[in-house]
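J.: Given the coordinates of chain A, assemble chain B onto it according to the supplied hints.
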Amino acid sequence: MRRGMILGGVVTTLVLALIAAGCGGGSKSSSGNNGSSSSGGAKTLPASSCQGLYYQGSGKPDFIVPSDLPLQGSSRTQTSEMVDAIKYVLKNAKFKAGKYKIGFQSCDDSTAQAGKWVSSKCSANGNAYAQNSSVIAVIGTFNSGCAEIVVPILNRAPSGPMGMVSPANTYVGLTHSGPGTSAGEPEKYYPNGKRNYIRVVAADDFQGAADALYTQQQGGKSIFILNDKEAYGLGIATDYRNSAQKLGLKIAGFTAWDPKASSYEALATRIQQSGADWVFFGGLICENGAKLIADVTKGVPGAKFQAPDGFSDFTANGPAAADMTISVAGVPPEKLTGAGAAFIKNFGAQIGKKPNPYSAYAAQSMAVILDAIAKSDGTRASVTANLLKTKVNAGILGTFTINKNGDTTSNPVTMYRQVGSGKTGTGVTLKVVVPPASLVKAA
Amino acid sequence: MVTEASGQSFARAFRPNLTTVFGLSLVALALAWLCVNLVKTPADFTQIFLIGLTTGAVYALVALGYTLVYGILELINFAHGDVFMLGGMMSITLVGPTVFGLHQGQAWYVLWPLLIVALLVAMAFCGVLNATVELIAYRRLRNAPRLAPLITAIGASFILQDVGLGWKGANYVQTVSILPTGNVFSVAGVTYTWEKLIVLLVTAPVLLLLVGLVQRTRQGKAMRATAQDSDAAAMMGINVNRTITFTFLIAGALAGAAGLLYALYVGSVRFDQGFQLGLIAFTAAVFGGIGNLPGAVLGALLIGLIQAFNEGLSWHAPGSDWTQSIVFAILILILVFRPEGLLGERTPEGG
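So the sequence lines, in the order shown, correspond to chains A and B. 1 is the number of the first residue of the first sequence in the working numbering; add one for each residue after it. 1 is the number of the first residue of the second sequence in the working numbering; add one for each residue after it.
With the rest of the complex left out, here is chain A:
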């Protein structure tokens, strides 16, 4: 009797599960947004990580280009604007790349719990792109640590390697070796031996060198360097240190900050005690950066403060960051000419404010991908091959080419001064620095 009841319960559960699965399947195919589904020509990416398909062209798109950015946490304002910039370019191209019709999906590699990118999401997203035959190339990632996970997955993608264009990764080891990179980099990111990754932003050896040069030009003599222990943060801090040493500046200290700490007052006392007149924050704002800036600026009142592009969301840095120098690779939006100036003017009008520097990079990334697709035979491998031959003439970021490593030949770095905070926070252009090759080599 008892056994019969248990058996009945199991059968009932199975039947209910089958009914539920059937219901789920029905809604999946009809909406096109729940789970992977076909929207005619292209199969969309799962709604668990990606927003709905953005396509306003005729019929159905042939291919999808997703972006992979952290859409939650401290970077949200910046990355959401980047997504808008990508959409802007695609819409202006009438959702076409040569003879192919292109759709776009914005995918998220962060979680609300972490407030930043998480490796499990990067891995899951990478596999979703690789397994979805409609995905032809990827824009992303924002964080170098996430790129370290996604690039090798796309490198082994079926009919690949699949191309990836980053508007924001600056970690050196992704494309070439050098001081501060790990053993086996960058080869370990390309397991099939072919390159599939390019970036339109200058790497940290350029940014670190430019930052150090700027420090010297502004009279900094003794520098205390902090890092957040992540690939990007430690990398840029190391590049900055190497360049500063080459320039003859004194390194008063080089240490990490604990992103989980409640207070950095003791650390600030240590910096003050070191006699440093300049403090460099190598890391990301989402690693408790605002609190760090608040405590260190308060505890080291006579010093000047500088940060790399990990702090380039001027709305997130907090009031204590006022007057801090923040570097971003590339020329400032207002100095862009031709297509770049038009982008800043028209996109700025669309969003109702001065675009963040990275919006232009996101836009250029989409333009580069559309160009590569247009020149391709419609396969992933062909698009990737064309990405590695990229030559941009008078594009949004000006004129540049991509070298054999996947790096851009356009390497200016702009120094901004943080003005205001919160929603009114913005960066005022101070100077564009182009570091000499000898300094970049030392970084």
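A few chain B residues facing chain A, derived, Cβ under 10 Å:
no., residue
1, Thr41
2, Asp44
3, Ile51
4, Tyr172
5, Gln174
6, Ser177
7, Tyr262
8, Tyr265
9, Val266
10, Ser268
11, Arg270
12, Gln276
13, Gly319
14, Asp321
15, Thr323
As a list, the in silico BS3-like pairs of lysine-lysine whose alpha-carbon atoms are at most 30 Å apart:
no., chain 1, residue 1, chain 2, residue 2
16, B, Lys168, A, Lys423
17, A, Lys250, B, Lys40
18, B, Lys40, A, Lys298
19, B, Lys168, A, Lys354
20, A, Lys391, A, Lys404
21, A, Lys221, A, Lys431
22, A, Lys335, A, Lys345
23, A, Lys221, B, Lys40
24, B, Lys168, A, Lys260
25, A, Lys96, A, Lys335
26, A, Lys391, A, Lys375
27, A, Lys250, A, Lys431
28, A, Lys91, A, Lys101
29, A, Lys96, A, Lys391
30, A, Lys431, A, Lys345
31, A, Lys423, A, Lys353
32, A, Lys441, A, Lys404
33, A, Lys221, A, Lys250
34, A, Lys404, A, Lys87
35, A, Lys43, A, Lys194
36, A, Lys60, A, Lys91
37, A, Lys353, B, Lys168
38, A, Lys353, A, Lys96
39, A, Lys298, B, Lys168
40, A, Lys391, A, Lys94
If you are wondering where the hints come from, they were derived from the structure by calculation, not from laboratory data. Computed from a predicted structure; not experimentally measured. Every residue gets a Cβ at the ideal spot worked out from N, C-alpha and C, and that includes glycine.
T.: Positioned in the frame of chain A, the structure of chain B alone reads:
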């Protein structure tokens, strides 16, 4: 006159074994390191000591809640850190522009009464929240195997984290600095600000009040009796359930006070900060001897000082990279050499 036999037993008792020598050597090394730093940079050493003391005081308020609940129920209430986090969020909401609108430089006759109101509201909010968690999640598991309430506590912690996430989002919630920031004193390069002193001025009386409550009141006597033997306490007419709920209420109120202090002193709260700080506070409670109120405070102050010395001292300090490793290595050493913690296992009945 010492006989030969008694001499042998003395020698046996004090025969140094390898572990003891190792432990004592480590302590001696740590003390020597501190002394060298003190001699080399006395002003900075003192400054860092005061920073560590203040941070430790905030930890102490959270650790007291852990130890209070453990003392009476032998339950590690993992949700306690998250109650503290929600207390911080409630405090930021209260002092922020939408409710009191407090700001730096406000007249003292406006600032202090409103801060006291905020403190009371935060304490009441967290007290009721903690008691509710006990009522819903722990009470029915009173006689269940120990693993059941432990897993439930972890579950409650995640639920409260998600409440914080839903309430204020994933980013750090910032608050403006409203506590007076002037110096209490500034002597020979050592400064101590009012905001730090206020943290100590709140923590010290709270500890004294709590010890007084446990040792000198009728309710405290009921708590001690329940902690010692809940069945016997029930037979003597003590309402055990009410006593346990009262304990959770008090522990929650402490978390609320800590939440307000943390929010005002540190200036930001995030939904997952309760877990991190709860872990430190729980470690502090174990450090000092879990179940022992002064032990929890001592453990918290020591952890605050260890963190500050490690991150702030300049002569051969390992730095922030190693803070967590050092704190937990010291905890392991303490537990190896003194498993009952620094002040021994004196549950609330011992005061």
